[in-house]
Every structure is written in C-alpha cells, then in structure tokens.
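Chains as they are written, first to last, in the working numbering: chain Y, 222 to 566; chain W, 222 to 566.
Everything labelled a hint here was simulated from the structure, so no lab data went into it. Keep in mind that a hint or two might mislead.
In silico negatives: residues of chain Y with every beta carbon more than 12 Å from chain W [said to hold, decoys possible]: (1) L227; (2) Q245; (3) H253; (4) I262; (5) Y345; (6) K397; (7) E520; (8) F551.
Some, not all, of what chain W presents toward chain Y, calculated at C-beta under 7 Å [to be verified]: (9) N506; (10) K519; (11) E520.
Note that CB positions come from ideal geometry on N, CA and C, so glycine has one too.
Number of protein chains: 2
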Amino acid sequence: MPVGTLGTVKSIPQPVLKDSIGAQIILGNTYHLYLRPGNKIISKAGGLHHFINWDLPILTDSGGFQVFSLSDIRDLHEQGVTFQSHIDGSRHLFTPENVVETQRILGSDIMMLLDECAPNPSSYDYAKKAMELTHRWARRGRKAFNETQPRYSHKQQQFGIVQGNTYKELRIASSKAIADIGFEGHAIGGLSVGEPAPVMYEMTDICTDYLPGDKPRYLMGVGTPANIIQSVALGVDMFDCVMPTRNGRNGMIFTRNGTINLRNAKWKDCFESADEGFPSELCQNHSLAYIHHLIRSKELLGLYLASAHNLTFYLWLAAEIRKQLENQTFDDWYKNMIEKVDRKL
Amino acid sequence: MPVGTLGTVKSIPQPVLKDSIGAQIILGNTYHLYLRPGNKIISKAGGLHHFINWDLPILTDSGGFQVFSLSDIRDLHEQGVTFQSHIDGSRHLFTPENVVETQRILGSDIMMLLDECAPNPSSYDYAKKAMELTHRWARRGRKAFNETQPRYSHKQQQFGIVQGNTYKELRIASSKAIADIGFEGHAIGGLSVGEPAPVMYEMTDICTDYLPGDKPRYLMGVGTPANIIQSVALGVDMFDCVMPTRNGRNGMIFTRNGTINLRNAKWKDCFESADEGFPSELCQNHSLAYIHHLIRSKELLGLYLASAHNLTFYLWLAAEIRKQLENQTFDDWYKNMIEKVDRKL
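Okay, chain Y solo, but in the shape it has when bound (with noise of 0.2 Å):
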C-alpha cells in the first residue's frame, strides 16, 4: 500500500497512481488528516476518498504512531492520549473511541486500532504494559465501531493491531487477546522502530502462528523489498511503507538487480536505462545520466520520477510474490529473489 499520509502519495498524481503505477489500495494517516485539513473539511467533503478523488481503497491509521514520534508533548492515561499538534502547538486528545469517528468521517475502507507503540528498546515491564494497554483500548476501539455506523454509502472494516515489543511471550499473548476481539484483519504492530531485522523475523513469525490465516495480516510500516518478500514467507498478507516514496525523493530507486544511489559520480554519464525493459516511466523514457542530473539538480522531476519508479516496483514486486504463491513456486524463488534486490549497484 502506497503512503499518502496527507491526502496525496508524494508526488504521485491520483490517475498516475492508479493507472500506470496500479496501486489498489493506499494509506492515509488520521494523525496528520485529522490536524489538517480537519474533520470539518473532509467531513464537508464526503470523505477522503472525495476529498483527494481517489475511488479505490483506502486504509487509515490510528494516529497512534504519529502522536507518539511526532509530537513533543503528550500525556499518555487510561483514556486516550493528550498531545500537542506538531503544526501550532494546540493541544488535542485522540481517544479509542474518538480515532474510529474520525476515521467514520474519513470514511477510510479499514481502519486501524490506538493502539500503545512502546519504544524500543523497551523493559519488560513497559512493553508488557503498553500491550496491555493496547488490549484495553482494542476492546474499547471495537465496542465503538460496533455501535456506530458508516456515513457513506460503504462498508469499513476495523483492524486491531498486536503489540508486545520483542518479547516472544508477550507477542503470543498479545495476538491471541487481539484475535479473539473479532476484527476483519489483524495488524502486526510495534516493528521496525529500530530492532534488528531477524528479531523483526522471529517476532513477526510468532504472531503469524497465532493469527487466524483466514483474515488478512498486515505487518505495519515494513519495509525493503527484502523485508516484504521475507515476511510473506512468514505469513504476512498486507505491507505499507514510505519507503518507496522516501529514499525516491533521496535519489535511491529499487530494481530488479538491486538499488540504485541515483546521485553517485559514477552514473554522470551513463546513458542506460535504470532496468531495461522495466515498466515505470523512468525506466521506458530516461537515462540514468539524466535522472542524475534531475537528483542532482534538486529538480522536482526527479523527485516524481524516482518516487513513481520505486513504487512501479514495489507494486510489480506484490504481484510477482502472488504469482509466485498462486503457482507454489514461491519457496524456490523467494531467497535468490531476496539476494537480487538487496545488492548495491
């Protein structure tokens, strides 16, 4: 799932993203929509889907994440957390109950849990609380989503999200107490912030143990190519990360044979395509020599281009792993594939 955390996947125009790139579903993030441009605006709207014109899928987050990386200032409490707007300081406080009404007003095709992230490295004890926690407003979350109702004319789905930090007991625990709450989908939440990739492995492959495999698993915020194909072996349904549009914008782009640093010296002159052959604009219209240039040159193109290439390619990449699945190919492909993309051309 491409990231559109405001209203817009960086640089992407919405007909791009759908048509030539083929994203099916995208992110936004209650945290930044919330603050600005507000629920008054979208609700005035009919909802972010008619606010940005995009008629496919759309999954927002809690904002849980966000108040606890972005904001400076928060009180955490049994009943929500309170938080100073990273924007203009104003305080605000988000509530389970309160993120799924906004999220009925962005009228979001899955929403997400508030949940606790505890940091990491986090003790025991904290982690074990944060869960718990986490547990609490889960139920919460989930008796206000029971009791109201969409405000368009579709469906939402609600996700819950496991926690338990890198602790084996606590994961297990946490996914079965999250599992049992009854969601449409479940979310492994409280990875990648930091912890070694296998421990982000060990834990994801404990929670796709307890899981229910019949409702979608979506492993929150991760990741390279290699971390993707990695965790589908594990088990994992459902990816969002901002990386193919972030290190884009850095001048880094994925590919078949590995990724790119656009702005070394040694592509100046290079009049090749990134990946022959290979479907994004990038790759069928320029050079690297004049991606380079653009990257060098801060040009804006260069943003866009290197942005709308990586996500061709994390798009092609979740297509070739359901081919791959669909045709049991998949655990003869899957390591070699993983060497491939994770060289440094």
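Let chain Y serve as the given structure and place chain W on it in line with the hints.
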C-alpha cells in the same frame, strides 16, 4: 514557450508537457546547462533533445542574461564575459563565438546570441555602450554561426537580440542594426526587468515597427497573460516566461476568470473547480479545497498540479489568441480579455 531551465520544465514530465499540456516548443538555458550537466555530458548524450527525451523544438538562450543576473563576480570586456559559477565558484568565459559552439552541442532548434542586457534603470550613455557591444557581438555570433555546422541531423536557426534599454532612439537603432544582420528571427531583450508596463509596451511597439514582419518577433521573458495579449496587439509572435511554473509553485494560478491565490483561507472549504470545464488536470479532477490543502501542506503534488494548470492556461491563451487573429476578431476581443485575466478572484 514553457521554460525548462535545466532540461526539465519544473515538475512536469515530458509526456504530460507534450500530450496533455500541448507544448510545441520549450526553452533551455545555456548558462545552466553549460554548468550542469556540462557540454561533455550533453555531447555524449547526442544533444539536449536526446538527453531529456523531447522530440519537439527547443530554443536555448545564450546564457548572457543569467551571467548578469546570477553570477556575483563577472568581468565584461570586448572579447566576452568572464564569470564565476553560482554553483561552485569556478571561472568561465562566454564569448559570442563559444556560446554558438555550446548551442551547437545542445542542438537547440533556435539559438540566441550573446548580448549585454543593461540593468533598469541605466543612463543613456551606459545603455548606448551596452547596445553597441551587443551589436558587435551579434555580428561575431552570426559569423560563428555561418562558419559552423549543426552537429546532429536537424537544422538550427539563430535569433538576434535587440537592446537599447528604455531609450526610444536606441531601440530604433538597435532594431535596424540587428535586422540588417540577417538572422532567422528577432528577439526583443532587456525588457521586463523592472521597468513599468507602459514603458515596456512603448519599447516593444517601437521594436516591432522596425523588425521585419516576415520573421518571428520574440519578446524575451514576458510575462503575465495580460502582458502577452497586449504584446501580441503590438506585433509580437513568441514569448517565454517562468511565471506559469514559478507562480504555480508559489500557489498562484491563472484562470479564464482571473488569478487565484490558492493559499487564501477562503478556498479551504470551497469544493468547486478553480475554473469549471477548463481542460487542466487540476480543474478536471480536483476542488479548490484540495489544492488549497496541498499547497498549504507544501505537498509536491500541489506544485505539480498548479504548474501544469498554469502551463495549460498559457497554451490555451496562445491558441485562443491565434484563433482570434485567424478569425480577424482579435481587435474586438483582446481588451475585454485583458480585463478578465487580470482580475483577482
């Protein structure tokens, strides 16, 4: 002519520029392209068209204007102008001859002469000296053009540039002197550099009286939609301006009913199109509320949508002007149109 300073019309992919916006020719800046990526890279690419993947005409300026406006340290002498790069401080020399050579390497369809653009205001004596130097350089540049060949498979043309600041007598002398040399087209330089609009029109009017009507007359760096309409009335055929893209990036758009400052809070809950029925991506797909949100949130998509809209508007205006001229209705149409496009909404 949309301005593509560094081999890209800022934020606009080439296929959009050609197919959706309908640009028939774009501008490149010799000063910028000479410094980055440099003649060696452009030459290896087989010219600017190949480097940027643009198969329609390109006009390149001589770089003179940028030497005078961007370079802090410069030394003007009979041979040419020595200057320091605004990027890395390296020293370079532009002469009437070597800017022809650089534009042979660029392979632009229309190349411009090296001239001295006197600042506004300038004394009569200074303006006269700058004009006379411009004339001597024009003859040297034409000689260099006549004695060299295109590097690639297409023909190149060379346009002379009239100077003379805001002095009637000098403008007449310069128009005659430049017209005598035998260029394929003629540009009016040294205007839109801070003088009042009536002065710009007066000088333009004088130049078009003396520049032959059977060759294109090009008013450099002009201007607003109203400036363009008025200057067509005075006999100008060609224009270039950064305004559609630069103003777009600053959140200002041009419409058939006047200009809109997208940052203005009054648009935050206006769910109408900026110009209903206008064939730009912005007007077709999005509301004022959405583009207001994007611009206020400093989102890249906002810069793209506003820039693409403004270019679409400028090219629509040019097509409209051509239609009115062909139908011989221009004289009845243009004053009312100037009033409309000049309004602030």
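Against the structure, the hints:
no.: 1; hint: L227; in the structure: violated, 5 Å
no.: 2; hint: Q245; in the structure: holds, 19 Å
no.: 3; hint: H253; in the structure: violated, 8 Å
no.: 4; hint: I262; in the structure: violated, 6 Å
no.: 5; hint: Y345; in the structure: holds, 40 Å
no.: 6; hint: K397; in the structure: holds, 40 Å
no.: 7; hint: E520; in the structure: violated, 5 Å
no.: 8; hint: F551; in the structure: holds, 35 Å
no.: 9; hint: N506; in the structure: holds, 5 Å
no.: 10; hint: K519; in the structure: violated, 9 Å
no.: 11; hint: E520; in the structure: holds, 5 Å
When the structure is compared with the earlier hints, violations turn up for hints 1, 3, 4, 7 and 10 and for no others.
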